[in-house]
Amino acid sequence: MGKRIAKEVSIAIAEAVKQCRVDVIAAYPITPQTHIVEHLSELVANGELDAEYITVESEHSAISACLGSVATGARTFTSTASQGLALMHEILFIAPALRLPVVMVVANRALSAPISIWNDHGDIMAERDIGWIQTFAENGQEAVDLVYHAFRVAEDRRVMFPAIVNIDGFTLSHMIEPIELPDQEQVDRYLPPFRPRYKLDPRKPLSMGPVGIPEIYTEAKKAQDEAFKNAYKVILKAWDEFEEVFGRRYRPVETYRMEDAEVALLIMGSLAETAMTAVDRMREAGKRVGLVRLRLWRPFPLRDFVKAVKGLKVLAVIDRALSPGATGGPVGTEVRSALYQVPGRPRVVNFIAGLGGRDVTVEDFEEMADRAYVYMKKKPKEPYEMIGVKE
Amino acid sequence: MPKGKDTALISWKEVPFGCYILEPGNSVGFKTGDWRSFRPVLDKEKCVKCGQCYIMCPDMTYTQDEEGYYIADLTYCKGCGICASVCPKGAITMVVEEV
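Going line by line, the protein sequences match chains A and B.
Take the first sequence: its position 94, counted from the start at 1, is 94 in full-length UniProt numbering, and no numbers get skipped.
Take the second sequence: its position 36, counted from the start at 1, is 36 in full-length UniProt numbering, and no numbers get skipped.
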């Protein structure tokens, strides 16, 4: 087992990608993802990583190159953020439909306008329905660990779907944290060489991406959806195997101090660490508050989630993205829908917070939990409300 | 009217992995000629057998016959008219398909 060494999370991610023995990287630099791809290009240029680094003129080209690369059976990585992810949009849907397991780290950042380089989840929530496996990291160690897991799951022959690891821009990407990088031998044990079910090979020709006429399109999408749902078991199993090899345990839904909780905060990503402090403080004050964190966002861990929130009176969902004119933030509407059929479900209240790099402090979380207590007795007037707006 | 699913070609369980085409060259089995509203007609008097139609046809429908003339296979010709447009002798005319 490696030593815990203070490293910038982006650099650690690049080192982890190297340990995954990636064959091809195609990426375009964009804040706050830059350090990841910058370090990877350094590793390739210095001969420390035997891979092709394809410099491209845009993110649209980056992801297109990645699809072509992985289609030939090469292990492929890319990374982006915000406008770059948006520019990839039309290609992103193609990867899962063609079962091309690219792995991408998204350093989550707000979308323009106004121009913002700072962190929220607006970029990835606009890509909610692309059909990629999506996880959210809470801290640097988890970000790194999720990269190994992403390759392991995506390339599994039972899965063969692309995967995104979401890390909060700056608050994770640029943070220096003590991170334990495993030994190469451990990574090799966990991640076997990429052997796809099919690949582009002139000796055995096949066509990827033909037209789907109305007489086949629905059946093709049904087949994709069923295969994606089946990926869930492999995602869990790969985390079990991760624990065996690396010693750290991950589950699709994390809970914190949920024993006898009546109110819980639900959040994805690094803000959960601040929320844990808020939960501790409220517990000390005698309030029965807990925390639920979704690590796996797609496929949505429905059963594990429902189990995690059982017995709650109010669930306060914190969204880091705005869905203008909707009935809530993307996570809020998802969770309300997930719980609608559950007897004795908690009341779901939805807060939008931490947009475009706005701090969400322990006090903000306490305020949200306090409001959740108010809403235990009184229905909220609006389906969602924004927190931390100056009137 | 039948239900929508009655028009489906195969069950979703039979869709090949990634909806790939695993049998190369099977587009031969896709008869695209019935899309056509104009058909190319060759005037052999004017034709100099230069093969421009053969080169430019996007569907590779032209093949040379024993006499050396290039003839379009109407099973696949979509009637795009590129052959008529590139013919240096004006030997190909696009004629409206009668229904």
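Think of the hints as simulated: they come from the structure by calculation, not from any bench.
Treat the hints with caution; some may be incorrect.
Dumping the calculated DSSO-like pairs for lysine-lysine here, alpha-carbon to alpha-carbon at most 27 Å [unchecked claim]:
no., chain 1, residue 1, chain 2, residue 2
1, B, 13, A, 229
2, A, 221, B, 44
3, B, 13, A, 222
4, A, 237, B, 13
5, A, 204, B, 5
6, A, 221, B, 31
7, B, 13, A, 233
8, A, 229, B, 5
9, A, 221, B, 13
10, A, 204, B, 13
11, B, 5, A, 221
12, A, 310, A, 381
13, B, 5, A, 222
Cβ-Cβ distance ranges computed for the label pairs, FRET-style [claimed, not checked]:
no., chain 1, residue 1, chain 2, residue 2, range
14, B, 31, A, 217, 57 to 65 Å
15, A, 310, B, 28, 57 to 65 Å
16, B, 31, A, 207, 14 to 22 Å
17, B, 3, A, 226, 17 to 25 Å
18, A, 307, B, 8, 34 to 42 Å
19, B, 36, A, 226, 49 to 57 Å
20, B, 31, A, 38, 51 to 59 Å
21, A, 201, B, 46, 42 to 50 Å
22, B, 26, A, 382, 49 to 57 Å
For every residue, glycine included, the Cβ atom is placed at its ideal position computed from N, Cα and C.
So, going through the hints one by one against the coordinates:
1. B:13 / A:229: holds, 15 Å
2. A:221 / B:44: violated, 50 Å
3. B:13 / A:222: Judged against 27 Å, a Cα distance of about 9 Å means the pair holds.
4. A:237 / B:13: holds, 25 Å
5. A:204 / B:5: violated, 33 Å
6. A:221 / B:31: The given pair, whose Cα atoms are some 25 Å apart, holds under the 27 Å limit.
7. B:13 / A:233: Holds, at about 20 Å.
8. A:229 / B:5: holds, 22 Å
9. A:221 / B:13: Since the Cα atoms of residue 221 of chain A and residue 13 of chain B sit roughly 11 Å apart, the hinted pair holds (cutoff 27 Å).
10. A:204 / B:13: holds, 24 Å
11. B:5 / A:221: Distance ~14 Å between residue 5 of chain B and residue 221 of chain A Cα, so the pair holds.
12. A:310 / A:381: holds, 25 Å
13. B:5 / A:222: Holds, because 12 Å separates the two Cα atoms, which is no more than 27 Å.
14. B:31 / A:217: 57 to 65 Å: About 20 Å separates the Cβ atoms of residue 31 of chain B and residue 217 of chain A, which means 57 to 65 Å is violated.
15. A:310 / B:28: 57 to 65 Å: For residue 310 of chain A and residue 28 of chain B the Cβ distance comes to about 58 Å; the hint holds.
16. B:31 / A:207: 14 to 22 Å: holds, 18 Å
17. B:3 / A:226: 17 to 25 Å: Check passed, 21 Å falls within 17 to 25 Å.
18. A:307 / B:8: 34 to 42 Å: For residue 8 of chain B against residue 307 of chain A, whose Cβ atoms are near 37 Å apart, the range 34 to 42 Å holds.
19. B:36 / A:226: 49 to 57 Å: At 39 Å between Cβs, range violated.
20. B:31 / A:38: 51 to 59 Å: holds, 53 Å
21. A:201 / B:46: 42 to 50 Å: holds, 46 Å
22. B:26 / A:382: 49 to 57 Å: holds, 56 Å
Comparing the model with each earlier hint shows violations of hints 2, 5, 14, 19; every other hint is respected.
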